[in-house]
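Protein chains in written order, with our numbering: chain A, 3 to 357; chain B, 3 to 357; chain C, 291 to 360; chain D, 291 to 360; chain E, 82 to 328; chain F, 82 to 328; chain G, 18 to 194; chain H, 18 to 194.
I should point out that these hints are in silico values taken from the structure, not numbers from a laboratory.
A couple of the hints might just be wrong.
Stated by the list, open to error - With a straight-line cut-off of 16 Å between C-alpha atoms, the simulated EDC-like cross-links for lysine to aspartate or glutamate are: (1) G:K97 x A:D219; (2) F:K89 x F:E113; (3) D:K322 x G:E46; (4) A:K302 x A:E222; (5) A:K48 x E:D230; (6) A:K269 x H:E99; (7) H:K97 x C:E321; (8) D:K322 x G:E116; (9) H:K142 x C:E321; (10) D:K360 x F:E84; (11) G:K171 x B:E5; (12) G:K97 x D:E355; (13) B:K6 x G:E46; (14) F:K89 x D:E355.
Claimed, not checked - Part of the chain F face toward chain B, derived, beta carbon under 10 Å: (15) M207; (16) T208; (17) G210; (18) P214; (19) M223.
Cβ atoms here follow ideal geometry from the backbone N, Cα and C, with glycine treated the same way.
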Amino acid sequence: MGEKVLMKGNDVIAEASIRAGCKCYFGYPITPQTEISHYLAEALPKIGGVFLQAESEIAAINMVYGASSAGIRAMTSSSSPGISLKQEGISYIAGAEIPAVVVNVVRCGPGLGGILPGQCDYFQATKGGGHGDYHNIVLAPNSVQELYELTVRCFNLADKYRMCAMLMADGSLGQMMEAVEFREIEDIEAIDKPWATNGMGTRGHSNYISSVNVNPDELEKLNQRLQAKYREVTKNEIMYEEVNCDNADIMVVSYGTTSRIIKNVIKDARKMGINVGLFRPISLWPFPYDELGKHASHVKAFLSVELSAGQMIDDVRLSVNGKKNCYFYGRTGGNIPSQKEILDEIVKILEKEDR
Amino acid sequence: MGEKVLMKGNDVIAEASIRAGCKCYFGYPITPQTEISHYLAEALPKIGGVFLQAESEIAAINMVYGASSAGIRAMTSSSSPGISLKQEGISYIAGAEIPAVVVNVVRCGPGLGGILPGQCDYFQATKGGGHGDYHNIVLAPNSVQELYELTVRCFNLADKYRMCAMLMADGSLGQMMEAVEFREIEDIEAIDKPWATNGMGTRGHSNYISSVNVNPDELEKLNQRLQAKYREVTKNEIMYEEVNCDNADIMVVSYGTTSRIIKNVIKDARKMGINVGLFRPISLWPFPYDELGKHASHVKAFLSVELSAGQMIDDVRLSVNGKKNCYFYGRTGGNIPSQKEILDEIVKILEKEDR
Amino acid sequence: MLRAVFREDRCKGCSLCVVACPEKIIEINNEKLNEKGYYPAGMTHPEKCIACGMCVTACPDLAIEVKEVK
Amino acid sequence: MLRAVFREDRCKGCSLCVVACPEKIIEINNEKLNEKGYYPAGMTHPEKCIACGMCVTACPDLAIEVKEVK
Amino acid sequence: MPERLVPKSLTDRVWHYCPGCSHGIVHRLIAEVIDELEIQGTVIGVAPVGCAYNNYEYFNFDIIQAAHGRAPAVATGVKRVLPDRMVFTYQGDGDLAAIGTAEIIHAAARGENFTTVFINNAIYGMTSGQMAPTTLPNQVTMTSPNGRDTSSQGFPIRMSEMLALQDGTAFVERVSTHDVRHIIQAKRAIKKAFKVQQAGLGFSIVEVLSTCPTNWGLSPLKAQKWLEENMIPYYALGNIKGKDIKV
Amino acid sequence: MPERLVPKSLTDRVWHYCPGCSHGIVHRLIAEVIDELEIQGTVIGVAPVGCAYNNYEYFNFDIIQAAHGRAPAVATGVKRVLPDRMVFTYQGDGDLAAIGTAEIIHAAARGENFTTVFINNAIYGMTSGQMAPTTLPNQVTMTSPNGRDTSSQGFPIRMSEMLALQDGTAFVERVSTHDVRHIIQAKRAIKKAFKVQQAGLGFSIVEVLSTCPTNWGLSPLKAQKWLEENMIPYYALGNIKGKDIKV
Amino acid sequence: MQYEIIIAGFGGQGVLSAGRLLAYAGMIEGKNVSWLPSYGPEMRGGTANCHVIISDDEVGSPIINHADIAICMNLPSFEKFEKLVKDDGFILADSSMIEPLKLASSHKKHHDINATERAFELGNKAYANIFILGKLLAVTKMLTPESIEQALYKVLPPKKHNLIPIEMKALKTGMEN
Amino acid sequence: MQYEIIIAGFGGQGVLSAGRLLAYAGMIEGKNVSWLPSYGPEMRGGTANCHVIISDDEVGSPIINHADIAICMNLPSFEKFEKLVKDDGFILADSSMIEPLKLASSHKKHHDINATERAFELGNKAYANIFILGKLLAVTKMLTPESIEQALYKVLPPKKHNLIPIEMKALKTGMEN
Ligand SMILES: Cc1ncc(C[n+]2csc(CCOP(=O)(O)OP(=O)(O)O)c2C)c(N)n1
Ligand SMILES: Cc1ncc(C[n+]2csc(CCOP(=O)(O)OP(=O)(O)O)c2C)c(N)n1
Ligand code: SF4
Ligand code: SF4
Ligand code: SF4
Ligand code: SF4
Ligand code: SF4
Ligand code: SF4
Ligand SMILES: [Mg+2]
Ligand SMILES: [Mg+2]
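Between the sequences and the hints, there should be enough to build the whole structure, so can you do that?
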């Protein structure tokens, strides 16, 4: 059991990466996640690691591609517009099947937008912002403690499945300080990487990393292998939290920063005699469709609360599959809904459903 | 009535853009759509337009952003990996509310993948490959004739709604020759652009084009305006085709190249006494949710046929909303399903549903 | 009379005008903060101002003009 | 004896070896196509080959080696 | 002595820049040049992502806010379709010399007929002080906490010299803002660059050595001194290309 | 005279390049250099997007296929984490001089200790013959159907000269493949570049003037002649930086 | 009526333009037609092919999974496309370019015609493609030579229209063989 | 118990570090705490603020919509945050920096304390922030000065630990005012 320290979310992501055995970081400055690179510019050289500020986000993701191809744990981080620029690279990582950790400290868009917290990159992260059929593992922490734990998990999953794992935070999580305890949460397994292009040495054959294949049958096989892997991830790696779900009148679905607000709403609602449940997907991909959907049998309705104009709501609907009505409440531009706003919305929905 | 000519799909897109009043094209070479730029490199200078081969896809989309900001109809085209690189730019176009036409002649991914036809950029195109809450109008032709008509429509819609309109074709449509008739399909309205940054001249006040706003309330207002616009587009601009839908046992949902195959499947199936319907979304965004969903009352099941590992199927499910089972059949890597494969799949599904 | 006029509300107290003035007649007023929380610059001897505009050129905040004053 | 050996299946008939050979003993065989549809190069006078390897250096298709032949 | 009022080409909004920041100085110079050339009605500026991201609030003529680094591409788009307008980009060193390297070099190589004002303050100002491509050897920044170590973090890039190599580039000059004399020279260079554009001679750029007191951790006055003593020896002032052009 | 067999560092697969294409010539040179330096086991190559996109099928050592233009970033990632390996990128002129401009310049400026082999054939080969940044004035391509018009399509870029400007660059040489004598010189330059990397001296690059008979619309022999008569006058052959390095 | 035809050979044998001609002629006769070339890096390999569909009905996928006819102008094409020909379809093979033994061993119906040789006799082996088209018309009667002639006027740039008589001669010789 | 506190002032007045100190002390006393600064280009404007929550319960959103307490170290902050204070909350205002008239016209409860002046008397106006924290402890008893002292050891780098006694003196003077 480690000591509790008060740390900034972005610093915790950085520290977590080092504890996860990340040996190199490539990034390009963007608010609100610059502290990650400030921290690692100090820390990585001290442990013989590589900190490199790239000339752009595109260069950074491709440096990660290079270092990961060589078999070394590597990370990049950015925020919304910078993540958009990485989409080609992320698609290459998927196609070439190499591990990589990408952190998105989401701000609010579209365009240059603002730097305040947002959850409006949900579609991009979970449906594939890049071209082609692929998925990233997407984990969404809601506390500084989870920033630590899920960052480490991203590295482990990336290596295990040879794919990109994305940590999806937001400006509020990245900038806030909270208590964190760096407990040993998982063995950082030294996963063997016989596929790595680290020089053929005495291996006896050359390795190559590539996502191209002009033979349609072979390219289809690659795609089938990818899809099989994604099914495997879906089977094994779904994460979610349930609060007060069993007797809930209404199920609020929310992740990250907004899910924290819902926890307070639950208390407020209880005072009014309303039972609000919180279903918090932690893995946004794979999304806990079945786990969420099964609540359709006992709640009156679902409400997705997001810092967006309505994105996760699609996955909520797909989970519920018409069995109950699904509602949406969201704020954008960096505004955060208050407990009261959400509670009012809940009351309105329940009145409508009870009518 | 014009004469019918036999033309290559890519050439038709190019010719259509000129007929739509496009005055400038910025692009970067990529197979299978290079003919668009070959055609325009010849044709645009002849009419005093601008053809410019950019240094990259990113530069190209930002040149479009510049020319469109100045109030001139502009286009760029590319294919999957190149479109991924344009995502930041597309998000800026959404946020700044300027018109733009982007053509994606989809190949098969992920990564460098292959150059044969694919529909695996559906998510990227319709859910937002870039960051932030935004949508592009996405039109999916299935013939060379429609390449003409929908390219023109993209320009008109882009101007009308001040947003990005994407023409989504694939390698097969771009490379094939078919008869096309350049009939006058719509007035190319000279839409007034008082917002354009074309020099303040005697306007009396300066204009600016921007997507940034660090004030959350103002940025939220922008987002609300965008969402209102998207609702407006959804109300006015949905396009789809229905073939043999009224008495269909099963409804196949398919767009672009694959929808052509379904038309033949319908005939094959009829010989076997099976009534297959084809619902072909032409506007992929806005998606015809209600129009498709209403068929749930009379068909036994839905089948989405795509050149992907399953993307539009999500929108099919959202349309049907649990009322009937939705199945998926797809090929990837550049392979195209044969009529027989699809018919076999249909038979299997109907057997299962009838059991 | 043409001379420098300071717009205190725009001033950020950076002192660039202070060193720019050939007559050495500009000073930062350490007594009062303006609304933005800065100590604004001003002239110690307005009458000595030669309206050379050096301070205007140096000022990054459009806080000085040279103009006709009564 | 060391001399040039042509691997016709790799040859694309580009003629670069023809001009590279100081002995002028390489020619394109216009009579037969190889499997890939090219007219392959070969030596008109193998015995005159001085094994200089110029053709090897010139060949873009790894279609020539200089080696010991009986 | 003439009056020195707020230039017509500026609005009266209070700027958000930190005390002593060169951005404000250069904004004024550009506005004065535009007033003097009487082109306010035909100018279209392109704003960068950087501390000057919202300079459309300060400039009183048409402006397009561009994505980070892409201002030269945006300017190309505008100038190509409206060749009779005066187009300029305003870019920081992160914007122009890092993420936007390809865009500025290719605009120059193509001889795009617009003007670039390049604010080189050797740091990323907006994002609070990371190393830029132009950061000096041993300069301390948030991402070079022990000073830029050229053996692992590379060498500063002299963009102007590189751009001058391009055949499409007509005019290149490096100027500074560290005292009034140099500010006046800077204005002269900016004016000439605009005139080069008016004459249709190709790409023109003025690199303005600038201060970022906040992220350098120096007072405005000390920052000017630091610029003079450290940046100028590395980034030689003066005309680099197009000295003899008469416009 | 020694035997001249297929180099160990090449597989025996038949290449997909068009008849007379320089790619094959350069592949062989690289493989010979690697054999001679006995580094096959430590080499990691980075393949571009371009006609050589799948050269991992031909080279018999580890290779990473990179996204278009990004090979220098990928190589940076590899070399930074495995500094004792020999890393090189293989890039075409579209790859290196257009979309990848920023990546190559910054790798050079940072003094990344890898080697670049730059195949300049003045055209986009793979995508069937569009204008490249290096396309010569008046050269006809699919996107310059009336010949590259420098007034609207800009001027060819001399990448090697630009890269030589970077302080992180140790070695730059421009060579050609238009006849055997020059091919032999090309090999010497490639070998020296690798040795510069072995000595840890920083970024090294060899620009190889190359033919694309197919897209130039010329026979292989005429293409070599065209290269000699048109490209060399524009792209001067010889060492540009690092001549005096002894390795 | 619907014909799905694959035409394949080395680059330079004019397989793409033969296909285009066929499609154009079909369109002239009021049919629905599509033409799809192989594209991309395959071209480097030195072989080329195109898929042509001529139909009374709407054309479904322009990509042919099972061909009615495969016109094979060289050995690799013969080997690659033989198996795609329907059981009741046939192959048109340029026997100047394909070993007789290989042709003989085929299970599919095939018409062998020494197109390249005959074209050479007509003055230019480049006419092999149109010569073999003649054979196709003779065997199938799918289109008239007049439509091909009209198509030639559409497909060829005006400055090459003087060659049309020779092309037509090659076509007719092909029809008579 | 839950306190939602906004601390605001000019950059350089130490509002962020005051907040951090408070949060750290809260954590030391076993509370759940969060601290969130204003960030990004706002810093250019010359003002800064942070949101601190100290609670027995889990902390929901770290962003404060309605504050229990607003510590305003200058006029713009007072004007901006006054309206966010709950009706039963209060303002702690640095009356050295805010015109008395403005303070007097406020509808919200406020404790005025001339922190900057008093800090100046203590040797450095940089202690105004900790001085005002002292007042906060005195008014609310939310944390003990001992926790603040422990927090100082955590928050300050070792080479600045020698300053802690002076900081504590400022704190205690603040408590007594
Ligand atoms: C794609 C993208 N990457 C990164 C950023 C974050 N960002 C904002 S400004 C800036 C650079 C600021 O430096 P510079 O260009 O030198 O301008 P300055 O602020 O110093 O004037 C960066 C990296 C962004 N907004 N978009
Ligand atoms: C992001 C992206 N843009 C464009 C392409 C298409 N593309 C493939 S190769 C190539 C360039 C080929 O030219 P060059 O680099 O000169 O190589 P060459 O083929 O001439 O050897 C391009 C633009 C791509 N695959 N990815
Ligand atoms: S105008 Fe000249 S003399 Fe007057 S205050 Fe300014 S600098 Fe000094
Ligand atoms: S230069 Fe301007 S902002 Fe700075 S102190 Fe002088 S008047 Fe104030
Ligand atoms: S080895 Fe020399 S002499 Fe022999 S064929 Fe080759 S080039 Fe000619
Ligand atoms: S150089 Fe090689 S490929 Fe070319 S003709 Fe000679 S042997 Fe054949
Ligand atoms: S951060 Fe630097 S560049 Fe930005 S406004 Fe402040 S001083 Fe100027
Ligand atoms: S297209 Fe050009 S570069 Fe590519 S293989 Fe053919 S000749 Fe070589
Ligand atoms: Mg800067
Ligand atoms: Mg090339």
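Here's how the hints hold up against the structure:
In summary, the hint linking K97 (chain G) to D219 (chain A) is supported, as the alpha carbons are separated by about 15 Å, within the 16 Å threshold. Restraint check: the Cα-Cα separation between K89 (chain F) and E113 (chain F) comes to about 8 Å, which is no more than 16 Å; the hinted pair holds. Between K322 (chain D) and E46 (chain G) the CA atoms are separated by roughly 41 Å; this puts the pair beyond 16 Å, and the hint is violated. This hinted pair does not check out: K302 (chain A) and E222 (chain A) have alpha carbons roughly 43 Å apart, beyond 16 Å.
For the given pair, K48 (chain A) sits about 14 Å from D230 (chain E) by alpha-carbon distance, which is consistent with the 16 Å threshold. With a C-alpha separation of about 27 Å, the suggested pair K269 (chain A) and E99 (chain H) falls outside the 16 Å cut-off, and the hint is violated. Among the hinted pairs, K97 (chain H) with E321 (chain C) is inconsistent with the structure: their alpha-carbon atoms are about 25 Å apart, more than 16 Å. For the given pair, K322 (chain D) sits about 12 Å from E116 (chain G) by alpha-carbon distance, which is consistent with the 16 Å threshold.
Only pairs whose Cα atoms come within 16 Å are accepted, and K142 (chain H) paired with E321 (chain C) is accepted, the gap being roughly 14 Å. With a CA separation close to 14 Å, the supplied pair K360 (chain D) and E84 (chain F) stays within the 16 Å bound. Using a Cα cut-off of 16 Å, the hinted pair K171 (chain G) and E5 (chain B) holds, with the two alpha carbons roughly 12 Å apart. Note on K97 (chain G) and E355 (chain D): the hinted pairing is violated, with a Cα-Cα distance of about 31 Å set against a maximum of 16 Å.
Restraint check for K6 (chain B) and E46 (chain G): satisfied, since their Cα atoms lie roughly 12 Å apart, inside the 16 Å limit. In summary, the hint linking K89 (chain F) to E355 (chain D) is supported, as the alpha carbons are separated by about 13 Å, within the 16 Å threshold. This hint holds: M207 (chain F) has a C-beta 8 Å from the nearest C-beta of chain B, less than the 10 Å allowed. For T208 (chain F), the shortest C-beta to C-beta distance to chain B is roughly 4 Å, which falls under 10 Å, so the interface hint holds.
Contact between G210 (chain F) and chain B, as hinted, is supported at the beta carbon level, the nearest pair being about 9 Å apart and thus within 10 Å. Among the interface hints, the one on P214 (chain F) holds; its C-beta lies about 7 Å from the nearest C-beta in chain B, closer than the 10 Å criterion. Interface restraint check for M223 (chain F): the shortest CB-CB distance to chain B comes to about 5 Å, inside 10 Å, so the restraint holds.
Checked against the numbered hints above, the structure violates hints 3, 4, 6, 7, 12; every other hint is satisfied.
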